[in-house]
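Mind docking chain B on chain A? Use the hints.
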Amino acid sequence: MRKKRYFGRFVMFLLCAAFAVAFLLPTVLTITNSFMTESEIKANYGPVFDKDSTSGYRSGTVTLKFIPDKVTFSQYINGLVRSPDYLLKFWNSVVLVVPIVIFQVAIASVAAYGFTRWRGKVRAFIFFFYVILMLMPYQVTLVPNFLVSKWLGILNTRWAIVLPGVFAPFSVFLLTKYMRRIPYSLIEAAKMEGAGEWYIFTRICMPQCRAATYSIAILVFIDYWNMVEQPLILLNNTDKQPLSIFLSQINTGEIGLAFAMATVYMIPSLLLFLHGEEYLVEGIANSGSVKG
Amino acid sequence: MDEIKVKKRDWVKNAAIIFLAVMLALTFFSNTIMNRSLPEVATQAVTSGQITSKVRGTGTVTANGNYTVTLDQTREIASVKVKVGDTVKAGQVLFTLSASDSDELISAREAVDSAGDAYQKQLIEAAKNSGDVTVTRAREALEDAKTNFAACVYVTAAQVAAAKQDYNTRIAVTNSLEAEYNKAKAALDNAGGWTEPSGSGDYSTVESAAAALSDAQTTLSAARIQYNDKYTVFENIAKERMAGTGSGYSLDANKKALYEEYSKYLDSKGEPVSPDTPATVEGVETKEYGMGALAQAYAAITDAQAKVNSAQNAYNSAQTAYSNSVSSSTSGNYPLKVAADKANMAYQAAKVDSDTAKGILDNLTSNKTDYDTAKQAVYDKEDALTTALAGVQTSSLDLNTAKRALARAQEKLADVAKGAAAADIKAQVDGVMKTVDAVAGKKYDAAATLATIELPEQGYTVSFSVTNDQARKVHSGDQAEITNYGSDSVQATLQSIKPDPQNAQTNKLLVFNITGDVEPGATLTISVGEKSAQYDAIVPNSSIRSDANGDFVLVVMSKSSPLGNRYIATRMDIEKVASDETNTAVSGGLNYGDYVITTSSKPINDKDYVKLADS
Chain A
1 MRKKRYFGRF VMFLLCAAFA VAFLLPTVLT ITNSFMTESE IKANYGPVFD KDSTSGYRSG
61 TVTLKFIPDK VTFSQYINGL VRSPDYLLKF WNSVVLVVPI VIFQVAIASV AAYGFTRWRG
121 KVRAFIFFFY VILMLMPYQV TLVPNFLVSK WLGILNTRWA IVLPGVFAPF SVFLLTKYMR
181 RIPYSLIEAA KMEGAGEWYI FTRICMPQCR AATYSIAILV FIDYWNMVEQ PLILLNNTDK
241 QPLSIFLSQI NTGEIGLAFA MATVYMIPSL LLFLHGEEYL VEGIANSGSV KG
Chain B
293 MDEIKVKKRD WVKNAAIIFL AVMLALTFFS NTIMNRSLPE VATQAVTSGQ ITSKVRGTGT
353 VTANGNYTVT LDQTREIASV KVKVGDTVKA GQVLFTLSAS DSDELISARE AVDSAGDAYQ
413 KQLIEAAKNS GDVTVTRARE ALEDAKTNFA ACVYVTAAQV AAAKQDYNTR IAVTNSLEAE
473 YNKAKAALDN AGGWTEPSGS GDYSTVESAA AALSDAQTTL SAARIQYNDK YTVFENIAKE
533 RMAGTGSGYS LDANKKALYE EYSKYLDSKG EPVSPDTPAT VEGVETKEYG MGALAQAYAA
593 ITDAQAKVNS AQNAYNSAQT AYSNSVSSST SGNYPLKVAA DKANMAYQAA KVDSDTAKGI
653 LDNLTSNKTD YDTAKQAVYD KEDALTTALA GVQTSSLDLN TAKRALARAQ EKLADVAKGA
713 AAADIKAQVD GVMKTVDAVA GKKYDAAATL ATIELPEQGY TVSFSVTNDQ ARKVHSGDQA
773 EITNYGSDSV QATLQSIKPD PQNAQTNKLL VFNITGDVEP GATLTISVGE KSAQYDAIVP
833 NSSIRSDANG DFVLVVMSKS SPLGNRYIAT RMDIEKVASD ETNTAVSGGL NYGDYVITTS
893 SKPINDKDYV KLADS
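Taken in order, these protein sequences are the chains called A and B.
Residues 1 to 292, numbered by our numbering, are exactly what the first sequence covers, in order.
Residues 293 to 907, numbered by our numbering, are exactly what the second sequence covers, in order.
Chain A with its partners taken away, still in its complex shape (with noise of 0.2 angstroms):
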């Protein structure tokens, strides 16, 4: 009996191990070949990107070459140091993304605090609407966010994606999930002792959702750290751009430079994920077990 769980346990250890494998197997391509010469890759992956097949030599078929001929941190030096370009959209990419993590968690945590202290048809009605709107796909409300964004006059400046990111609709669906698992009666003891709403607000409610809000720290700015669709629609302006553009473009001449800007381009988030792991798995946890 036991050796028959031991090899149900051995089997699904190859399978898990054959899917992590699958997994991983671009990232860590990725980074190894962020360290191959340009001349290297253009030989391994030459009917990708043979744009000029009169420069080099190009290999016949796509090779997934793991370990370099020869390491080098020409590709690093050339997108950091020669040129201040990828730089200069690695810093809009921060630009873009901080004021909307820290702007959409503020704007969420007022919300979702008001949606769960108060109750009634306008309430269920607008958090109905939030729910429906986070449903839409992006890129369902990519013209609307277009039109508006000219009516504004905020095309091709910052604003038009920040302002959007600012208000989007999941971080208040998943903070109000979270915060109605704050038990009332905490609350209604505050406001017996005299606390007023702003003090319950941000002693008593946002203390407790700490883990939530991480989660969703994390969650937003990996997912506007990767965005490509709103810059490419409402930044006309490349010197504005971030460089998960410049990464989504990559498909001529600069591969080797593109693989190591991709290695740079997902430091933070990993850091970043590194760092609040635990709230990530907590706050998810919680809001999806909590009813509302």
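None of these hints come from the bench; they were simulated from the model.
Predicted model, so just to flag it, every value in this text is computed and none were measured.
Beta carbons: idealized from backbone N, C-alpha and C, even for Gly.
There are no misleading hints in this set.
Computed beta-carbon distance windows for the label pairs:
no.	chain 1	residue 1	chain 2	residue 2	range
1	B	Arg328	A	Tyr138	40 to 46 angstroms
2	B	Ala905	A	Gln139	45 to 51 angstroms
3	A	Gly196	B	Ile310	40 to 46 angstroms
4	A	Leu147	B	Ile310	40 to 46 angstroms
5	A	Ile31	B	Asp906	40 to 46 angstroms
6	B	Glu873	A	Phe146	56 to 62 angstroms
7	B	Ala905	A	Pro137	51 to 57 angstroms
8	B	Lys899	A	Leu147	32 to 38 angstroms
9	A	Val21	B	Ser329	36 to 42 angstroms
10	A	Gln139	B	Ser329	37 to 43 angstroms
11	B	Ser850	A	Ile67	44 to 50 angstroms
Not close to chain B: a few residues of chain A, all C-beta gaps over 12 angstroms, as computed:
no.	residue
12	Ser149
13	Phe167
14	Asn236
Examples of chain A residues lying across from chain B (beta carbon under 7 angstroms, computed):
no.	residue
15	Leu80
16	Val81
17	Pro84
18	Leu271
19	Leu274
The following block gives chain B in isolation, referenced to the frame of chain A:
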């Protein structure tokens, strides 16, 4: 557990701080680092103003006309009487020549000698090939050949072929008979051969029987001939008698019985007697006889008949005896021997016939060969006669040719001898010695240049090469300006524009006519071209670049970015309107005040980032 989580978060936080700090530092120094790698360019603003489209060049003054002093014959220069720059007059002695004979004179003499020898040889050849002797001999030989030919028997090829066919037929018969003989001989040999019996054995009996049989046959034949002769006599007599009476002829009973008896005889004999058999002497004589003669003839017939009968009996007896002897003979090969002997006789006779036919064939063949040989001989002699006649004519022509060649060689010798008498070389024209190539003591070939005399009265020219673009700005007849010559009296006029022989594809040669007080060999710098004009966009020549798409300039475009101003080299296509040595007026998208790149520290292309040089 919580402590581990806190440590982990601290580590991550520190890493994030370091990462951001590094990114900030890189960003801070990014422009500085990048500018170190950018090509540094020098720029110049687009201006407006005047362009004087002049073409400048430098050339050496040369005379329009030159006279080249040469030698008529290969001679040695004894002394040189002039030097470069001397002014000479026509008739002035330039060089003196040594007294030795020229090579041309020596060659002319040798040519006369050679032509004289050739003429003498032709005279001898003509005498040797005297026309009468050679032709007469050829004609006599031809007549002899014709005579021989006429004596030959004409035999056709068909005759020879028929003779050959006859010979072949006889040879075939001979071979056939020889085969039969060999076959009979083989049969005899197979039967044991023939051995002559000894003594009076069986063979003598057979032989004697055969001889008796032969004799009997001979006797019988002779008796029959006699009988036929007698009967013929009898018949002739009888016919004469019938013809003589003219009233018919009838035989009496005896005679009739005789006739009947004769008829029976004829029937039994089976051998008709030809009525055309010539009458014998007896028959002729019986013409005079009457019945008496007829009776005698009859009697003779009877007698002859009896002899025939007797001979027949003897023959029969001999035949019987022979048969008996043969059948009883112990040597049974005798018939085979007789057959072999007969076959041999037939074979020998056929062989004689075939030999005769061969003799006839050989004779015909020989006659035909003789005929053909004689005919060919006639042809050959005719050709020989024709050749002899032609040889006589050719010999005559060669003689005339050699005579003319001798005359020409003598004429040339006379001409060369006249020129060889000159002792010096004189100037033929007035002018200035441009070059003196000859030196004393050296021998020069005919037509070698000894010196060159410039002819000032024909004027001077200066030429230099310019590009095709520059050549398009000037025209023949344009007055040019001389910038480096002291004398104002010297004037230059563009005389012609022609392809530069050194570089015909890209360059033209401007030829100027120079007038005034100028020294040949002087170097003149000449400026020629259009007058000044006002243009809106003028750029330095160094800023204009060209490729397959035409001329263009790189304009510096400024781009503002959060990290500061960036400068980009931007291509702008232009067309040249006018240019001088330093600037070019252009048309295109350039505006007054634009900055064009004149020089760069590295090669640059369109859209490249550049760094402005510190001014």
